[in-house]
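S.K.: Protein chains in written order, with our numbering: chain A, 620 to 759; chain B, 123 to 259.
Where hints are given, some of them may not hold.
As the list claims (entries may be wrong) - Pair ranges (Cβ atoms, derived):
hint, chain 1, residue 1, chain 2, residue 2, range
1, B, L227, A, G683, 38 to 44 Å
2, B, V214, A, L686, 30 to 36 Å
3, B, W153, A, V675, 36 to 42 Å
4, A, H724, B, R223, 44 to 50 Å
5, A, P628, B, D175, 49 to 55 Å
6, B, V149, A, T723, 34 to 40 Å
7, A, V687, B, P178, 18 to 24 Å
8, B, D180, A, I632, 55 to 61 Å
9, B, D180, A, V744, 25 to 31 Å
10, A, L647, B, W152, 17 to 23 Å
Unchecked claim - Computed footprint of chain B on chain A; a stretch qualifies when at least three of its residues, placed anywhere within it, have a C-beta under 8 Å from a C-beta of chain B:
hint, segment
11, 659–672
12, 726–738
13, 744–752
Derived from the structure by calculation, the hints contain no laboratory data.
Yeah, the Cβ is synthetic: ideal placement off N, Cα and C, and Gly gets one too.
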Amino acid sequence: MSNTRPLSPHLGIYRWRVNMLQSTLHRLTGLFLSLGALLVTWGLIAAADGRAAWNVFAGFWSSGIGLVLLFIWTWSLLFHLCNGIQHLLRDTGRNFGPPTRDRTHDPVYWSTGWFVIAISIALTVLVWVLLIVRMQGGAA
Amino acid sequence: MSAYPGQEGLRDPLKVARGLGSAKTGVHHWWLQRATAVALVPLSIWFLFLVGDLVPADYPMVLATIGQPVNAVFLIVFAVCLFWHGALGLQVIVEDYVHTRWLELTLQIALRFGALLGALACVMAMLAIWLAGTPHS
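Only chain B is shown next, with the shape it has when bound in the complex (with noise of 0.2 Å):
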């Protein structure tokens, strides 16, 4: 059926050479998003409980209670998931509504680079509390 040669299905080989085909990743962004949405799911709600704990505690305790493993773990992970998860949410936002091109592609790049910073700044705070072991004034 191809009319050319090197012609594969219905598809236009000049479509192909101007590289307007198919990037193969259209679902890439939409499982990211399911991905960190499930891990999300216990996480938040952990946090939640987290959040309660610390609602009544003074600053000695905010660091020992944060510090220890299993909750340092989870809040790094937490974090992570949380500013990825956001990313890619507010990337669908801004596509959907800012039809200004400069603004758009400004907007983009820069909740990228807010989203790395946001997660990096969390992971460093959480190590240096984690590494600091006991709390300190």
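Looking at chain A on its own, in the form it has when it is part of the complex (with noise of 0.2 Å):
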């Protein structure tokens, strides 16, 4: 870059917690997530044009690297889910203030992070479980 002007510093004044994690983790899986859109759109056409383009669509989510691709899918779409809903509930603006800036313990709404991403590793596995128990009662 050309501009030479000073910047202030950011990033590296702030102490690790788990809503830098968070932020982190809501871009990626959201630009995952983008592409993901980009799949559901070829599922649609796929279905609309005839068995051959369902197939050839089927086909490539039953391969290794369509399953392993659907399941960070998953985790991509529960954790933006989770998070989003924590952040919606943050745009309130409730909880925060100085009533909840007590110095001796930390915030709630550090803590709160790392419920959401254990919860949507949760919500994964369980998703999985019942997929994987339907597609065997479907097979049998």
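Two independent chains are provided; combine them into the complex using the hints.
M.R.: Next up, the structure:
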């Protein structure tokens, strides 16, 4: 960059908190889910096109790479969903301000971040257990 | 308190004349991002259940499931909200990390056209399936 003006210090001066991880993951999963939207489009176009096109689409998802991608997409969606709900709740501005800024303990909005991450992982496992049970039930 | 005729508040009239004042659209993006997010909360949970139904289904069953009116309408709304919300999010990512002007502008235009194209493609596909009615091979 040609801009030589001094920058004020930012990222480096903050103590690490889980909301930094949440923020990063929210963007990364959002980016990944945007690519997923294109695959939803592919699926719908394939379904409208005919059996041959649908088989290509379905074949991609039952391949090894497809399954790995689908698993990451499941978690991305669930994390972005859980974190997004927390985002919307925080947008109301509740639980911020002096009463919750007692310096003797960490504010609740730092620890809830770990809760969101844990819930998103637990839900991903649940979704896949249900999927596998359903597939085995369908095959039997 | 105005120092010049036509001056309101503290803003210099020259700033207004040059068109550099507030565009009055500052929170538009923020609101749309939240509105589409609120819509996508129930829609993506519903979508997960739909995919769960589609995974063990064969092609005629897939067509019958997504061609069912309630599912078809929800899929169309889901696709529009998904691409809209996605475009708003990608816009912010490009604004934050792409500092080369020509590349930023190209990406900003490309992602808008891409999102519009994706949403339109989903809607057209859904209309084709829905209006075709009975499953065909």
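S.K.: Now, for every hint given, state plainly whether the structure supports it.
M.R.: Evaluation of the provided hints:
Under the hint 38 to 44 Å, the C-beta atoms of L227 (chain B) and G683 (chain A), about 39 Å apart, fit the expected range. The hint said 30 to 36 Å for the Cβ distance between V214 (chain B) and L686 (chain A), and at roughly 31 Å that hint holds. A hinted range of 36 to 42 Å holds for the C-beta pair W153 (chain B) and V675 (chain A), which are about 40 Å apart. Separated by about 46 Å at the C-beta atoms, H724 (chain A) and R223 (chain B) satisfy the suggested range of 44 to 50 Å.
Hint check: P628 (chain A) to D175 (chain B), Cβ distance near 52 Å, so the stated range 49 to 55 Å holds. Restraint check, V149 (chain B) to T723 (chain A): a C-beta distance of roughly 36 Å satisfies the suggested window 34 to 40 Å. Evaluation of the 18 to 24 Å hint for V687 (chain A) and P178 (chain B) yields a pass: the beta carbon distance comes to about 20 Å. For D180 (chain B) and I632 (chain A), the Cβ-Cβ distance of about 58 Å falls inside the hinted range of 55 to 61 Å, so the restraint holds.
Take D180 (chain B) and V744 (chain A): their Cβ atoms lie about 27 Å apart, and the range 25 to 31 Å holds. For the pair L647 (chain A) and W152 (chain B), the supplied restraint of 17 to 23 Å holds, since their beta-carbon distance comes to about 21 Å. For the segment 659–672 of chain A, the stated coverage by chain B holds: 8 residues have a C-beta nearer than 8 Å to a C-beta of that chain, and at least 3 were required. Evaluation of the coverage hint for the segment 726–738 of chain A: breached, as 0 residues show C-beta separations to chain B shorter than 8 Å, against a requirement of three.
Counting residues of the segment 744–752 of chain A whose beta carbon lies closer than 8 Å to any beta carbon of chain B gives 3, which reaches the threshold of three, so the coverage claim holds.
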